[in-house]
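Based on the sequences and whatever the hints tell you, model everything.
For the record, the sequence lines run as chains A and L. Numbering follows our numbering, with no gaps: position 117 of the first sequence is 117. Numbering follows our numbering, with no gaps: position 114 of the second sequence is 114.
One or more hints might be untrue.
Claimed, not checked - Over 10 Å on every C-beta distance to chain L, these chain A residues come out as not near it, computed from the model: (1) 53; (2) 68; (3) 154; (4) 179; (5) 180; (6) 181; (7) 183; (8) 187; (9) 189; (10) 194; (11) 213.
Said to hold, decoys possible - Distance ranges between label pairs, derived from CB positions: (12) A:210 to L:190: 17 to 27 Å; (13) L:132 to A:44: 14 to 24 Å; (14) A:69 to L:145: 22 to 32 Å; (15) A:149 to L:231: 22 to 32 Å; (16) A:78 to L:51: 45 to 55 Å; (17) L:105 to A:59: 28 to 38 Å; (18) L:51 to A:59: 51 to 61 Å; (19) A:47 to L:132: 49 to 59 Å; (20) L:4 to A:210: 33 to 43 Å; (21) L:286 to A:103: 33 to 43 Å; (22) A:27 to L:62: 40 to 50 Å; (23) A:31 to L:145: 22 to 32 Å; (24) A:210 to L:100: 20 to 30 Å; (25) L:132 to A:68: 21 to 31 Å.
I should point out that these hints are in silico values taken from the structure, not numbers from a laboratory. We treat Cβ as the ideally placed atom computed from N, Cα and C, and that holds for glycine.
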Amino acid sequence: MRRQKAKTRPPGDRRRAQAGALPARLALYAFLLALSLVFLFPFYWLLTSAFKSQAQIFAMPPQWIPAPIRFANFTSLAAETGLPRAFFNSVVTSVGHVSLALFLCSLAGYAFARFREAPGNEALFAFVLATMMIPGAVTLIPSFLVLVKLHLIDSYWALIVPGAANAFGIYWMRQYMRANIPDDLIHAARIDGCSEFGIYWRVALPIAQPALAALGIMLLIGAWNNLMWAFIVLRTREMQTLPVVIYLLQGEIRTPYGMLMAGGLIATLPLILAFLLFQRHFIRGITAGAIKA
Amino acid sequence: MPLRASLWRHRHFYLFISPFFLLFAVFGLYPLLFSFYLSFVKWDGLTPQTWVGLANFATMWDDDILRDSLWNTLVIGLLYIPPMMLLAFLFAQLLNQPWLKLRAFFRTAFFLPCVTPMVVISIVFGLLFSSEKGVFNYGVALVDRALPFLHLAAIPWLNSDRWSKVSVAILVVWRWTGYNMVLMLAGLQGISEEYYEAATVDGATSLQRMRYLTLPLMRPTFRFCLLLSLLGTVYMFDEIFVLTQGGPGTSSLNFGVYLFNLSFSNFKFGYASCVAYSVALLVFVAALLVSRMNRQENE
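Put into structure tokens, the structure is as follows:
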């Protein structure tokens, strides 16, 4: 009895190694702590600068804690710039794009996972995967010209539709649905008289919720932060999204840094909050990219 | 079952996947073909197109700015990829230790840069890099006061040809290390515990385990990270467009920003398409080489 107990204990030499590793561990903690502070510092600077005047921002030595704390940047942002409208535009285009993409990707992913005997399933799926290799830089100009032809420049659709049927998203939804939706369930739903779309909507989608969350968050980061495409296709102040408006706030001669930082803070906070709330999904969504490697 | 009947029986399959193919036709296939055609054309988007044959390709050979931008792309990549990968692997390795406390805090701190809008962060770094009133040079001045024999002087981060690329590289390391860390963490967690146990039983030191177990087994992950970084460097846009606009001069102009300027500042749609196609081909070959090289090592 006693002997068995002794066996389950870690071997003595390993214990000694752990005890000897204590200073090393402290050093590693110090290292990680120092570097995490370095990584967080730009956020700190963004946060504090949003409450400073231009003079305070450029004060030497630097003002580590703003004194006095000013809220003028926020009030003048609201009064003098199109920032509130830009925030609204960003929400509409991001939510619109992510919703449409999730719908189309899960629908196609479901079809690829579900109708395995359909003629051409594998070849068509291989084709979908192959389209991922096309670099966006090559299709940029013609895509812009297509939107011009369709009279969609300077509209929300220009940000919502292109890229909504995302090849990676289809791949990601197919893998998940293939592994997690039992065929019996689908058969049962069909016998109950469910339409094919009804099975997708009422049976498959609820099961695929974790995959949808991970994909949605990945797409949201891209959509919310999109600068280049938004810069190209949105022409008027009323339509421009946060990244574009913030970029354009930089003046040729004098840049209102306090206001920029305040606007930057407003543009950054939603995603940071989303990240803190759904951290697990965030991380899983990104590691999903590694599977295809 | 005859094909027609089978097609009809699976009509929902074709219906459900049709949105992808429709959108791909409009925003993928057509642009791909049209852009190929544009490579042989001179066009500003307004006046009629003129067929110029291979003239665009000839122009490319003498395009000094294109050469500069490709060179800068290479230098920026070499400046940031090694430290970023090293740091990401170090973080992943440390965050994978079972004894580590505060894991969530560290992971959040390193990963947070990846979810922030690049525009905002580029402007913040612009402030930090400011040569007279920036925090970074304030730090340099403090070190100089403490250790005068080093003869440190304020660094012209964004105002000199030599330092602009370094500044971009610092920004990129800050922004993308966490992303690579998460990928590597997933790779590390994919390695079966049994290997390590077996190696420990056989008396392998931790250094040997790293050299003969972790590093070889992590090679696919490293390859993936390297491929992503390669593509990310060539087509990098926001970072440089906001932080330096490619300047001073063309000292930090990379390919992504050069292509954007060509397309949407100079409206050389034909020439830009030609350049985009050619460089995409070059990148494709490079990416192929990276994956080929690694596969051979594995055998």
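A quick look at each hint next to the structure:
The claim that residue 53 (chain A) is not at the interface with chain L holds, since no C-beta of that chain comes within 10 Å of its own (minimum 14 Å). With a least beta-carbon separation of about 20 Å from chain L, residue 68 (chain A) lies farther than 10 Å from that chain, consistent with its non-interface assignment. The claim that residue 154 (chain A) lies off the interface holds: its Cβ sits roughly 15 Å from the closest Cβ of chain L, which is beyond the 10 Å cut-off. Annotated as non-interface, residue 179 (chain A) keeps its C-beta farther than 10 Å from every C-beta of chain L; the closest such distance is 17 Å.
No beta-carbon of chain L is positioned within 10 Å of the beta-carbon of residue 180 (chain A); the least distance is around 18 Å. Every C-beta of chain L lies more than 10 Å from that of residue 181 (chain A), the closest at about 14 Å, which supports listing it as non-interface. The beta carbon of residue 183 (chain A) is kept farther than 10 Å from every beta carbon of chain L, the shortest such distance being approximately 15 Å. Residue-level check passed: residue 187 (chain A) sits 15 Å from the nearest beta carbon of chain L, beyond 10 Å.
The Cβ of residue 189 (chain A) lies farther than 10 Å from every Cβ of chain L, with a closest approach of about 13 Å, so its non-interface assignment holds. For residue 194 (chain A), the non-interface assignment is confirmed: its Cβ lies about 12 Å from the closest Cβ of chain L, beyond the 10 Å cut-off. A cut-off of 10 Å between C-beta atoms confirms that residue 213 (chain A) is not in contact with chain L; the least separation is 15 Å. Judged by the Cβ atoms, the range 17 to 27 Å given for residue 210 (chain A) and residue 190 (chain L) holds: they are separated by roughly 19 Å.
Under the hint 14 to 24 Å, the C-beta atoms of residue 132 (chain L) and residue 44 (chain A), about 21 Å apart, fit the expected range. Checking the proposed 22 to 32 Å range against residue 69 (chain A) and residue 145 (chain L) shows it holds: the Cβ atoms sit about 30 Å from each other. Hint check: residue 149 (chain A) to residue 231 (chain L), Cβ distance near 29 Å, so the stated range 22 to 32 Å holds. A hinted range of 45 to 55 Å holds for the C-beta pair residue 78 (chain A) and residue 51 (chain L), which are about 53 Å apart.
Between residue 105 (chain L) and residue 59 (chain A) the C-beta distance comes to about 30 Å, which sits within the given range of 28 to 38 Å. Taking 51 to 61 Å as the suggested C-beta distance range, the pair residue 51 (chain L) and residue 59 (chain A) conforms, at roughly 60 Å. Take residue 47 (chain A) and residue 132 (chain L): their Cβ atoms lie about 23 Å apart, and the range 49 to 59 Å is violated. The hinted range of 33 to 43 Å is satisfied by residue 4 (chain L) and residue 210 (chain A), whose Cβ atoms lie roughly 39 Å apart.
Evaluation of the 33 to 43 Å hint for residue 286 (chain L) and residue 103 (chain A) yields a pass: the beta carbon distance comes to about 36 Å. For residue 27 (chain A) paired with residue 62 (chain L), a C-beta distance near 55 Å fails the hint of 40 to 50 Å. Separated by about 26 Å at the C-beta atoms, residue 31 (chain A) and residue 145 (chain L) satisfy the suggested range of 22 to 32 Å. A C-beta distance of roughly 26 Å is found between residue 210 (chain A) and residue 100 (chain L), which places it inside the suggested range of 20 to 30 Å.
Between residue 132 (chain L) and residue 68 (chain A), the C-beta spacing of about 24 Å keeps the proposed range 21 to 31 Å intact.
Of the numbered hints given earlier, the model fails hints 19 and 22; all others are met.
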